[in-house]
Amino acid sequence: NAGVTQTPKFRVLKTGQSMTLLCAQDMNHEYMYWYRQDPGMGLRLIHYSVGEGTTAKGEVPDGYNVSRLKKQNFLLGLESAAPSQTSVYFCASSSQTGWNEQFFGPGTRLTVL
Amino acid sequence: KNQVEQSPQSLIILEGKNCTLQCNYTVSPFSNLRWYKQDTGRGPVSLTIMTFSENTKSNGRYTATLDADTKQSSLHITASQLSDSASYICVVGGYGGATNKLIFGTGTLLAVQP
Chain A
1 NAGVTQTPKF RVLKTGQSMT LLCAQDMNHE YMYWYRQDPG MGLRLIHYSV
51 GEGTTAKGEV PDGYNVSRLK KQNFLLGLES AAPSQTSVYF CASSSQTGWN
101 EQFFGPGTRL TVL
Chain B
1 KNQVEQSPQS LIILEGKNCT LQCNYTVSPF SNLRWYKQDT GRGPVSLTIM
51 TFSENTKSNG RYTATLDADT KQSSLHITAS QLSDSASYIC VVGGYGGATN
101 KLIFGTGTLL AVQP
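Read top to bottom, the protein sequences are chains A and B. Following our numbering, the numbering of the first sequence begins with 1 at its first residue and continues without gaps. Following our numbering, the numbering of the second sequence begins with 1 at its first residue and continues without gaps.
It is worth saying that the hints were derived from the structure and are not from the lab. Yeah, the Cβ is synthetic: ideal placement off N, Cα and C, and Gly gets one too. Hints should not be assumed to be uniformly reliable.
Partial chain B-side listing against chain A, Cβ under 10 angstroms, derived [as the list claims (entries may be wrong)]:
| # | residue |
| --- | --- |
| 1 | Arg42 |
| 2 | Gly43 |
| 3 | Ser46 |
| 4 | Ile49 |
| 5 | Leu102 |
| 6 | Ile103 |
| 7 | Gly105 |
Lysine to aspartate or glutamate pairs mimicking DMTMM-like chemistry, simulated, CA-CA at most 20 angstroms apart [said to hold, decoys possible]:
| # | chain 1 | residue 1 | chain 2 | residue 2 |
| --- | --- | --- | --- | --- |
| 8 | B | Lys101 | A | Glu59 |
| 9 | B | Lys101 | A | Asp62 |
| 10 | B | Lys101 | A | Glu30 |
Per label pair, the in silico range of CB-to-CB distance [said to hold, decoys possible]:
| # | chain 1 | residue 1 | chain 2 | residue 2 | range |
| --- | --- | --- | --- | --- | --- |
| 11 | A | Lys71 | B | Asp69 | 40 to 46 angstroms |
| 12 | B | Ser58 | A | Thr5 | 28 to 34 angstroms |
| 13 | A | Met27 | B | Gln72 | 30 to 36 angstroms |
| 14 | B | Lys17 | A | Gly16 | 46 to 52 angstroms |
Please model the complete structure; the sequences and the hints are all you need to start from.
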């Protein structure tokens, strides 16, 4: 099993450009999450999904959109990138909420110039 | 305000030595506490998960303790190895919907030197 994979690993964008980050999991998990990690700060939840076809806002959703058309995939979109969105983005999945652990992907390092 | 504070920010130890990392939290209500290990350039990996009724949990050379009364947790690493060099993140879960309202600490950066 590959676990949680993310594409791409690195990306550089210019202000105003758009892009989509792809997350895929092969563990048949219901829940999927997108986080961002910035220096000196803990991971912050952007959006999450509790099942195919569902999405919800997290702590810092502004400037991002998500879609969960298939259970195994969770896409994060930036419609008009801003320098403040320079960050490392992590996708995670879990089988259910409560105590079950979240499995994280390797991350995507995004730089917006 | 819900917060998770970790100390120290960074730590250097010699291979084979033990160390203890600290986590204080003000998250309320509280349901569980997790420790994650994050290698440089990688995603976090779960080490332990404890509910409010558990005082200690081990995973190999890693032992986490929890005092829900004082809202403190510690992660003890025994006989450190070079591969233990990483950031260790304390995460506290409250109650509230599908996300369990996880609050992440900023991590303790551990460097194990030969």
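Hints, verified against the model:
1. Checking Arg42(B) against chain A: minimum C-beta separation of about 6 angstroms stays under 10 angstroms; hint holds.
2. For Gly43(B), the interface hint holds, the least distance from its beta-carbon to any beta-carbon of chain A being 3 angstroms, beneath 10 angstroms.
3. Residue-level restraint check for Ser46(B) holds (minimum Cβ-Cβ distance to chain A is 4 angstroms; threshold 10 angstroms).
4. This hint holds: Ile49(B) has a C-beta 6 angstroms from the nearest C-beta of chain A, less than the 10 angstroms allowed.
5. Residue-level restraint check for Leu102(B) holds (minimum Cβ-Cβ distance to chain A is 7 angstroms; threshold 10 angstroms).
6. Hint on Ile103(B) holds. Least Cβ distance to chain A is approximately 7 angstroms, under the 10 angstroms limit.
7. Using the Cβ-Cβ criterion of 10 angstroms, the hint placing Gly105(B) at the interface with chain A is satisfied: the shortest such distance is roughly 5 angstroms.
8. Proposed proximity of Lys101(B) and Glu59(A) is supported: the alpha carbons are some 9 angstroms apart, at most 20 angstroms.
9. Between Lys101(B) and Asp62(A) the alpha-carbon distance is near 18 angstroms, which keeps this suggested pair within the 20 angstroms criterion.
10. Distance hint between Lys101(B) and Glu30(A) is fulfilled; the C-alpha atoms sit about 17 angstroms from each other, no more than 20 angstroms.
11. Here the CB-CB span from Lys71(A) to Asp69(B) is close to 41 angstroms, well matched to the stated 40 to 46 angstroms.
12. Taking 28 to 34 angstroms as the suggested C-beta distance range, the pair Ser58(B) and Thr5(A) conforms, at roughly 30 angstroms.
13. With their beta carbons about 33 angstroms apart, Met27(A) and Gln72(B) fall inside the hinted range of 30 to 36 angstroms.
14. A hinted range of 46 to 52 angstroms holds for the C-beta pair Lys17(B) and Gly16(A), which are about 51 angstroms apart.
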